[in-house]
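Q: Here is how the chains run, residue by residue.
Number of protein chains: 2
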Amino acid sequence: MKELGRQLVVELWECERNTNEPEEIRKALRRAVDRAKATLVDVQVHTFNPHGVSGVAVIAESHISVHTWPELGYVALDVFTCGEKVLPEAAVEVFCELFRPQRTSLLEIKRGIQL
Amino acid sequence: MKELGRQLVVELWECERNTNEPEEIRKALRRAVDRAKATLVDVQVHTFNPHGVSGVAVIAESHISVHTWPELGYVALDVFTCGEKVLPEAAVEVFCELFRPQRTSLLEIKRGIQL
Numbered sequence: 069m070k071e072l073g074r075q076l077v078v079e080l081w082e083c084e085r086n087t088n089e090p091e092e093i094r095k096a097l098r099r100a101v102d103r104a105k106a107t108l109v110d111v112q113v114h115t116f117n118p119h120g121v122s123g124v125a126v127i128a129e130s131h132i133s134v135h136t137w138p139e140l141g142y143v144a145l146d147v148f149t150c151g152e153k154v155l156p157e158a159a160v161e162v163f164c165e166l167f168r169p170q171r172t173s174l175l176e177i178k179r180g181i182q183l
Numbered sequence: 069m070k071e072l073g074r075q076l077v078v079e080l081w082e083c084e085r086n087t088n089e090p091e092e093i094r095k096a097l098r099r100a101v102d103r104a105k106a107t108l109v110d111v112q113v114h115t116f117n118p119h120g121v122s123g124v125a126v127i128a129e130s131h132i133s134v135h136t137w138p139e140l141g142y143v144a145l146d147v148f149t150c151g152e153k154v155l156p157e158a159a160v161e162v163f164c165e166l167f168r169p170q171r172t173s174l175l176e177i178k179r180g181i182q183l
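Chains as they are written, first to last, in this note's numbering: chain A, 69 to 183; chain F, 69 to 183.
A few of these clues could be false.
Where chains are identical, the list cannot tell them apart; a pair therefore holds if satisfied intra-copy or between any two copies.
To be verified - Cut-off 25 Å, straight-line C-alpha distance, at most; resulting in silico cross-link-like pairs (SDA-like, lysine to any residue):
(1) K70 x Q112
(2) K105 x L183
(3) K70 x E165
(4) K95 x V111
(5) K105 x F116
(6) K70 x R94
(7) K70 x E82
(8) K153 x R168
(9) K178 x T107
(10) K178 x E79
(11) K105 x G151
(12) K153 x R171
(13) K153 x G180
(14) K178 x L76
(15) K153 x P118
(16) K178 x E82
(17) K105 x E84
(18) K95 x R171
Keep in mind the hints are simulated off the structure, nothing from the lab.
Note that the coordinates shown come from a computational prediction; the quantities given were computed from them, not determined experimentally.
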């Protein structure tokens, strides 16, 4: 049994900082791609009124997405990678360093399971 | 108990068409956003060599992502929405119409559960 990709579905709660900082989030997306040893294709970061940031890095190995709710101290992070050379957990660490959540949970989904 | 968002994690197998057609996938992303009654912020579609397409629509309500493996007839689709006015299942239907998968599975994850 072999999967094509791994998706880490991460909940970050009680985040202490940077949840409403689009430039910090953009830099973190780039850093996460580097640290995961993935290949960056495109980064987009958008801010919402009155607060909230969405960022997506498309990578050759799939994507990393982050959506923030600053008013709740909550961030929804997904790291979806394919291939065996990448380190998706390393990308998660970058966002924990950025946001400093006090509570986290992580669900791993194997995508494209081939029997 | 209330969630901030819903994420549909969808596996499409034995897709019969359009898995290597970036313009069709771009149009489908826009159609999916419309049909889900979501608000489009940005669409990015990238092709890979020798085959494969990745597309992401950032929406005001989070994102829709699609990654294709034409050589395997497989597509990994995610529809992540927040708010009660959107219809994420309608976005999934658009991609089923586009790719015509013979087998599908769907996992729903509630994101940002507040007790």
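Q: Report the numbers of all earlier hints that the structure fails to satisfy, in ascending order.
A: 1, 2, 3, 6, 8, 12, 17
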